[in-house]
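Below are the chains, spelled out letter by letter.
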Amino acid sequence: MKMDDPRWHIRRLILRLFEGLLSFYPPRFRRDFSTEIRAVFLSRMREAEEYGGLAWLGAVFMEITGLVISILRECWHELGVRKEKAMVPDNQLPKDVNPEGGGNPTIQPAGTPGALWFSGWTLLTTAAIPAAVIAAAPLGVMFIWLINLGVQAGFWPTTQDSILEGLGFLTSFALVQASVQWVLLRRFLPRAWLWFIATGAGVLLGGLAVGLSLGRTSLPSRDPLLIMAAVLLPVGLALGLAQWLYLRRFLPNSFWIILCDVLAAASILLAGGSFTSLAELVVFLLPGAITGLGLCLLLNQSYVKMPYPVQIKARRENKRRLSRLGRVGLGLAALVPMFFACSWVYTGSQLTLAKNEGIYASPEQGMRALAQKSYAPDRRVKILRAGPDSSDGSQPYVWYVIAEVRASSRADGSELGHNGCDAPGSFFLQTREGWVLVPEGAFPGFIGYWMKVYGWAGAGQATPSTDWAPDQPSRFCQ
Amino acid sequence: MQAQDYLPLTETSFFILLSLATTPKHGYGIIKEVEVISAGRVVLAAGTLYSALRRMLEDGWIERLEDDPSNGASRERKLYSLTDLGRRIFELETKRLQRLVRLSANLNVPR
Numbered sequence: 001m002k003m004d005d006p007r008w009h010i011r012r013l014i015l016r017l018f019e020g021l022l023s024f025y026p027p028r029f030r031r032d033f034s035t036e037i038r039a040v041f042l043s044r045m046r047e048a049e050e051y052g053g054l055a056w057l058g059a060v061f062m063e064i065t066g067l068v069i070s071i072l073r074e075c076w077h078e079l080g081v082r083k084e085k086a087m088v089p090d091n092q093l094p095k096d097v098n099p100e101g102g103g104n105p106t107i108q109p110a111g112t113p114g115a116l117w118f119s120g121w122t123l124l125t126t127a128a129i130p131a132a133v134i135a136a137a138p139l140g141v142m143f144i145w146l147i148n149l150g151v152q153a154g155f156w157p158t159t160q161d162s163i164l165e166g167l168g169f170l171t172s173f174a175l176v177q178a179s180v181q182w183v184l185l186r187r188f189l190p191r192a193w194l195w196f197i198a199t200g201a202g203v204l205l206g207g208l209a210v211g212l213s214l215g216r217t218s219l220p221s222r223d224p225l226l227i228m229a230a231v232l233l234p235v236g237l238a239l240g241l242a243q244w245l246y247l248r249r250f251l252p253n254s255f256w257i258i259l260c261d262v263l264a265a266a267s268i269l270l271a272g273g274s275f276t277s278l279a280e281l282v283v284f285l286l287p288g289a290i291t292g293l294g295l296c297l298l299l300n301q302s303y304v305k306m307p308y309p310v311q312i313k314a315r316r317e318n319k320r321r322l323s324r325l326g327r328v329g330l331g332l333a334a335l336v337p338m339f340f341a342c343s344w345v346y347t348g349s350q351l352t353l354a355k356n357e358g359i360y361a362s363p364e365q366g367m368r369a370l371a372q373k374s375y376a377p378d379r380r381v382k383i384l385r386a387g388p389d390s391s392d393g394s395q396p397y398v399w400y401v402i403a404e405v406r407a408s409s410r411a412d413g414s415e416l417g418h419n420g421c422d423a424p425g426s427f428f429l430q431t432r433e434g435w436v437l438v439p440e441g442a443f444p445g446f447i448g449y450w451m452k453v454y455g456w457a458g459a460g461q462a463t464p465s466t467d468w469a470p471d472q473p474s475r476f477c478q
Numbered sequence: 479m480q481a482q483d484y485l486p487l488t489e490t491s492f493f494i495l496l497s498l499a500t501t502p503k504h505g506y507g508i509i510k511e512v513e514v515i516s517a518g519r520v521v522l523a524a525g526t527l528y529s530a531l532r533r534m535l536e537d538g539w540i541e542r543l544e545d546d547p548s549n550g551a552s553r554e555r556k557l558y559s560l561t562d563l564g565r566r567i568f569e570l571e572t573k574r575l576q577r578l579v580r581l582s583a584n585l586n587v588p589r
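Protein chains in written order, with this note's numbering: chain A, 1 to 478; chain V, 479 to 589.
Chain V extracted, bound-state conformation (with noise of 0.2 Å):
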């Protein structure tokens, strides 16, 4: 499937690849990022964040990487980084978000 195809994307799908389009996070750092890039209004539970790696790991958006131990990093802890079609798909609903926000400004909606 095309990157495209998989859009729009669910508000917890985008804050995760949000979270991810910097580093590399373990599901406890994604949790962290996601609570302050949303300013607390998105907090995921460690089930719904594992359902939803889960399934981005399936379809290829994400792969799942060993942490270092050299960084006291324990080995049950995981790290999760974008791969290619998830950044991909990332900018495709950046930019879908951003045209929407600019049709929205051009219409002069009076509030």
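Looking at chain A on its own, in the form it has when it is part of the complex (with noise of 0.2 Å):
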């Protein structure tokens, strides 16, 4: 084939396609074998050229394709490697890894938490209760919202905001807590995403028997420090047992970790009803300390102890990338939280805008206003309604002005509408200090919603303070 055949560029163009497409391969599957990869495509073009056009195509179509299914597989496959990599220190490679000879190299145990994971793995799980109040406040809001729908449409009865509260407080605990611990235990536990369910679950489960069981007893005695171990025993108990059911899989001594959980939340008795001093507080470092102990101890233990199969197990399921659902898992849980933060910025910054625009005593004065700064000073404004936006009430302090203006002209100099005259409408909503303007784009409602969440909302008022009058012809500006 010579250079003016046009099947020459064309073949040049493919095998430029084709080499553009191996440097996408990862760089040591690239190294090893694309030099081999390419000189098997020119002998499959060749032999294809010799049967003629359609053929070649077909050749090439099923090169390229496979080209890129190879690829797509190496980088997954190469993705699993970086992992493993990163998993397993060069340092706590043992020597001898392949006990039967054809195995590959790369399983390996995953190693085993040292003194630097123990002091984070305390520091983390301690701060973890102050993050976990922190976001148990929008989380409690969300149950009472819930629970509030639910009373609005007969399925349960009213519900006290405190237990909702409480509720939310736990479900926060337990995301929270079991969101750090997967994260620092991932590395050396095969599965590790159950480990977040098992954490979760027993946090969430052991709270919720205690407030059942403790709503229906009445306790012998006020004593804070029984109360406390009331709670704080059995929830240490049922969390145990939810991840000495997941440990128990791979550690052969896994059952010890009922007594740390339950040593960990005594420990928190410690500290008594009161503090005195700001020292005591650190009597809260005591349950991850004691978890974070337990675990080495146990994890350093029964690595050594297990059976190579058993390693090579729990290596092949970590390389299953089972984890990824954990991952998942939390980055679903970490929507809850972001919404609401994303909710409080977005009316707190709407609302400080809407109050430096300005704070009015009413929605009609509020409207006047608008209207001083819209239209020539001979204006004359009626407003011609002045109440709820919502129809049912529901939302009192979200309020919907109408009004009727007629002036020579506008502020920037444009005529009126129909008959001299505008109706402009607008929607006022009123915080604690009075009410505000907010533009209707802003959305007005999903503002209300959120201001009473966070209570930022006036009492309101559900009855409009001014209504369409009797005589009010149904067009405006006639």
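No wet-lab data here; the hints were simulated from the structure. The structure displayed is predicted, hence computed values, not measured ones. Note that beta-carbon positions come from the ideal geometry of N, C-alpha and C, so glycine has one too. Any given hint could turn out to be false.
Listed next, the stretches of chain V that the computed footprint assigns to chain A, with coverage defined by at least 3 CB atoms under 8 Å from CB atoms of chain A [claimed, not checked]:
(1) 500-509
(2) 525-531
Short, incomplete list of chain A residues facing chain V, as computed with Cβ under 7 Å [what the hints assert, rightly or not]:
(3) F33
(4) E36
(5) I37
(6) V40
(7) S43
(8) R46
(9) M62
(10) G66
(11) L67
(12) W76
(13) E78
(14) S465
Distance windows between CB atoms, simulated [as the list claims (entries may be wrong)]:
(15) L578(V) to N300(A): 44 to 52 Å
(16) L17(A) to V520(V): 23 to 31 Å
(17) R580(V) to E50(A): 40 to 48 Å
Take the two lone chains, each set in its own frame, and fit them into one complex as the hints suggest.
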């Protein structure tokens, strides 16, 4: 085939495409095989050319498709290898890596936690307590909202807000604690996402069981220490049992985790019912330290005792990317507080902007102030209607005001609408400081909902202060 | 891992091992051999072949040899040859398939 033959150019173009695609292979694979793959491709092309154009085209298509699939497969494989390398520090690789002759030396024990890990575990699991308290507020509000929806729909009777706030804290604590522990343990345990589920379920179920049983019985004593013990010890036990159910599959002495969790819960009792100095808060480091120490001992001793096939199984299960599910779960769980955070920021910023524009004693006053800014001084403003925007009165602090304005011109010099008259309508929200104007494009209904949730709404008024006059014509500006 | 832990093999893996069972071959040689022994039914693309070879190399089924330059081989041409583990896997898979065929024949399934 010569250079003036168009097929030569096509062939060259396809070879360039093929070589370009080869560069998408992971570096290691590319270094080992790309030269050979290119040589085989060229041989295949030469062979296919002998059978004619269609056969050649079919061969090219098959080779390119095969290459793309192979690239995807190798990239996926490389991701797994990198993850595995990250999990197994070189200095922890045992010397006899290939006891059965044919195996892959990348299959290794995942390593064991050390002093640095223990410190991190203690600090982070302790920090998870205030983090859970912060995250509990929006969760509690969400539960209250959900329960109220059910109450309105007649699904269940009304429930005390304090119970729902407690449920919010419990859920938040379970999620935060499980997430932190999962992050810290995923390097050392196969299918670590199960640890996330075990921890979350242990705290939640234990807390719910304690809450339900305490709610139905009257405690013989009002001693706060006894109440704390009655709450903490069963929760510690439930948590320990849940974690043991997971650990027993991998660690021979895993039952010790139950004792660790109960001791950790009991250690809080050392703090007593009240704190007289800041130093006593150190007690809250104890649960983390106890569970951290327990896990360090369990993981350090148990891995050594585990037979090689169990290690292989553990490593293989890590390779199966199951922790990805945990990551997805964590991501979804993170969406909840993120949603609350976003709504908080949005509502707060919109209200701040609105307050900077002006705070009014009433929506009518706000509308008149708006007309003053927007129309010439000879304006005549008539409020046609000022009242709640919602027909069912669910948001008495979100009002919609309609006015009729007649003037020689608008403030920018333009003419007014039909019959020299405009009929502007605006939303006004009642904050604790007074009424503010919120543009329709800022979703006043949404802001109104969240300002109630976050306690920024004023008392509101369910009945309109200016209602449609009986003689009001059906169309404005007549 | 024991040889039987890798069973059953995929069709591609089986044909690659089958093509290497007699003599070591280079990549293109494997593709041609597989095409011939499968009567043109299995045609491996270069990418598919080398992904499979990479996996087999990592698992220790095959090994990579330098081709002898005196045979006119270029430096990029590598030969692939079965290891003992690879040969054992191939034998076990062949026996497994033979058992299945015998079982099917003994049952006299109407066709």
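* **Per-residue hint verdict: I37(A), partner chain V, C-beta under 7 Å** => holds, 5 Å
* Does the hinted range 44 to 52 Å hold for L578(V) and N300(A) at CB? -> The hinted range 44 to 52 Å holds for L578(V) and N300(A), with Cβ atoms some 47 Å apart.
* **Hinted contact L67(A) with chain V - closest CB pair below 7 Å** => holds, 4 Å
* Asked: When the nearest CB of chain V is found for W76(A), is that gap smaller than 7 Å?
  -> Where the cut-off is 7 Å and the nearest Cβ of chain V is about 10 Å from W76(A), the hint is violated.
* To do: Hold the hint about M62(A) up to the distance rule: shortest CB distance to chain V must be less than 7 Å.
  => Holds - the Cβ of M62(A) comes within 7 Å of chain V, reaching about 5 Å at its closest.
* Would the hint on S43(A) stand, with a C-beta cut-off of 7 Å toward chain V? -> holds, 5 Å
* **G66(A) as chain V interface residue, shortest Cβ-Cβ below 7 Å** => holds, 2 Å
* **V520(V) and L17(A) - C-beta distance against the hinted 23 to 31 Å** => holds, 25 Å
* Asked: Does the segment 525-531 of chain V contain three or more residues whose Cβ lies closer than 8 Å to a Cβ of chain A?
  -> With 6 residues in contact (Cβ-Cβ under 8 Å with chain A), the coverage given for the segment 525-531 of chain V holds.
* To do: Using Cβ atoms only, decide whether R46(A) comes closer than 7 Å to chain V, and label the hint accordingly.
  => For R46(A), the interface hint is violated, since the closest Cβ of chain V sits about 10 Å away, which is over 7 Å.
* Is 40 to 48 Å right for how far apart the beta carbons of R580(V) and E50(A) are? -> holds, 42 Å
* Would you settle whether the hint for E78(A) is holds or violated, based on the nearest Cβ-Cβ distance to chain V being less than 7 Å? => violated, 11 Å
Of the hints listed earlier, those the structure fails to meet are numbers 8, 12, 13, 14, in rising order.
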